[in-house]
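Undergrad: Sequence:
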Amino acid sequence: MIQDIFPHKLYNQYRPDIQPGKDDYVICIKEQNMLVDTQQMENQILEFPRVKDFTEELNLRYLLSVDDEHYYIYIQGDGTVREASGVEKKAEGPSLPGYDYMDIRKIRKSGSAPRYRIFALLTAKHLYDWYRDNVFCGRCGKRMVHSKKERAMMCECCGYTSYPRIMPAVIVGVRDKDRLLITRYRNGYQHNALVAGFTEIGETLEETVMREVKEETGIRVKNIEYYKSQPWGIANDILMGFYCDADGSTDIRMEEDELKYAEFVHKQDIVLQPDDFSLTNEMMKVFKES
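Mind the numbering: the sequence shown is residues 1 to 290 in this note's numbering, read in order.
Some clues are possibly wrong.
[Stated by the list, open to error] Only pairs whose alpha carbons sit at most 30 Å apart, straight line, appear in this in silico DSS-like list of lysine-lysine: (1) 149 to 30; (2) 109 to 285; (3) 106 to 222; (4) 125 to 228; (5) 228 to 285; (6) 30 to 148.
Since the hints were derived computationally from the structure, they do not count as laboratory data.
All of these numbers come straight from a predicted model, not from anything done at the bench.
All chains, please: the whole structure from these sequences, using the hints.
TA: Written out as structure tokens, the structure is:
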């Protein structure tokens with residue numbers, strides 16, 4: 001899966017003591033696009049701009065490290081995370097020879113090496129989204145400041161503290177003997193998938209499994225078993241995988257607003273996704289090879 005980067009190690013602790021060096025990476029994001037070295041991308045190598053690539057002095061905030069590689073984002077002088085890498089939202093962003101903005105999902109699909117940089121990219125995007133969305137206090141509306149002790153945004157007016165948001169979601173492999181319930185989304189990702197959905201307030205993960213399967217396919221389930229989890233920074237999620245068995249009828253009533261395909265497929269006929277990044281693909285593969 002995307003987080004399987006051994007022997008590399010991701011460090012996500014907040015480290016204000018680390019000062020940016022000329023070879024450290026600068027994460028430049030504009031909407032769902034990230035600035036990358038386009039020539040290197042043609043060679044299936046993912047490279048971000050480094051501090052030394054910019055002529056102007058940068059105001060940066062530390063995000064994370066992979067081994068000894070450090071990643072930063074632009075911030076404004078008042079502490080606001082900059083979109084489009086230090087310019088106004090409507091501008092085109094910085095101009096660096098050989099670099100261009102590329103859709104983050106396309107970068108992920110490209111399979112660009114090394115893998116650990118794709119994981120760093122998705123994790124950085126998760127943190128970037130949180131910083132972007134917490135410039136102002138959600139309680140009183142005043143500007144937030146960054147804690148000096150931990151990764152948290154604080155309101156000096158009312159005392160509210162915001163920590164990075166992680167949204168729980170489930171991935172569900174519904175079994176019917178030697179068949180697995182395969183789906184495809186109506187919009188977005190176009191390869192085979194499993195039933196998936198977010199956990200609602202006041203709901204257990206097991207209840208989420210039962211509800212999402214029933215809503216999307218009309219199938220009731222039993223024997224719910226936890227499999228494995230996965231961080232999925234591209235959507236700010238923590239994904240939790242479950243297997244379960246169809247309970248009763250296997251007649252599918254597909255929710256057409258979300259899905260364009262939902263069928264029980266014999267294990268030998270399951271077509272996997274084109275890469276091995278996702279928990280969904282691993283769960284399909286485990287069932288197919290069981």
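Undergrad: Taking only the CA atoms, is the gap from residue 125 to residue 228 under or equal to 30 Å?
TA: holds (23 Å)
Undergrad: Are residue 109 and residue 285 close enough, with their CA atoms no more than 30 Å apart?
TA: holds (18 Å)
Undergrad: Hint check: residue 30 vs residue 148, CA-CA at most 30 Å. Holds or violated?
TA: holds (27 Å)
Undergrad: Are the Cα positions of residue 149 and residue 30 separated by 30 Å at most?
TA: Roughly 29 Å separates the two Cα atoms, so the pair holds.
Undergrad: If you draw a straight line from the CA of residue 228 to the CA of residue 285, is it 30 Å or shorter?
TA: Given that 30 Å is the threshold and the Cα spacing comes to 14 Å, the pair holds.
Undergrad: Is the straight-line distance between the alpha-carbon of residue 106 and that of residue 222 30 Å or less?
TA: violated (37 Å)
The structure shown violates just one earlier hint, number 3.
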